[in-house]
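The task is simple: from the sequences and hints, build the whole structure.
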Amino acid sequence: MMTDTQNLVLQNRNSLSITGVTEVCGFDQTGISMVTVLGDFLVKGKSLHISRLSLDVGEVDIEGTVDRLEYTKLRRKRETFLTRIFK
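So for the sequence shown, the working numbering puts the first residue at 33; every next one is plus one.
These are calculated hints, taken from the structure and not from any lab test. Be aware that one or more of the hints could be misleading.
To be verified - Label pairs and their calculated CB-CB ranges: (1) R100 / N39: 15 to 21 Å; (2) D36 / T97: 27 to 33 Å; (3) D88 / R45: 16 to 22 Å; (4) D36 / T62: 26 to 32 Å; (5) L40 / D88: 27 to 33 Å.
Glycine is no exception: its CB is placed at the ideal position from the N, C-alpha and C atoms.
Structure, rendered in structure tokens:
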């Protein structure tokens, strides 16, 4: 089961491990876009490839030269109807 926690581990700009991934939207050698528990996330670089993908547990490993990591849209926790009323 996945939580609202996300970890990013970048080693020597050529090996990236990410947890909290819910969907990989698109990828090629220069970019990988995904949806995570904290928002839409973009990895840009050169010769990128996904070496391990396990969406059951929300983990993705990427190899290649990483030039940029970027959240493109932040996710907010959904408010319940009662939470909005009692603000």
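Hints, verified against the model:
1. Separated by about 18 Å at the C-beta atoms, R100 and N39 satisfy the suggested range of 15 to 21 Å.
2. For D36 and T97, the Cβ-Cβ distance of about 30 Å falls inside the hinted range of 27 to 33 Å, so the restraint holds.
3. Our hint of 16 to 22 Å for D88 and R45 is violated, since their Cβ atoms are close to 28 Å apart.
4. Under the hint 26 to 32 Å, the C-beta atoms of D36 and T62, about 30 Å apart, fit the expected range.
5. In this structure, L40 and D88 break the distance hint of 27 to 33 Å, their C-beta atoms being roughly 19 Å apart.
The structure does not agree with the numbered hints 3, 5 stated previously, though it agrees with the rest.
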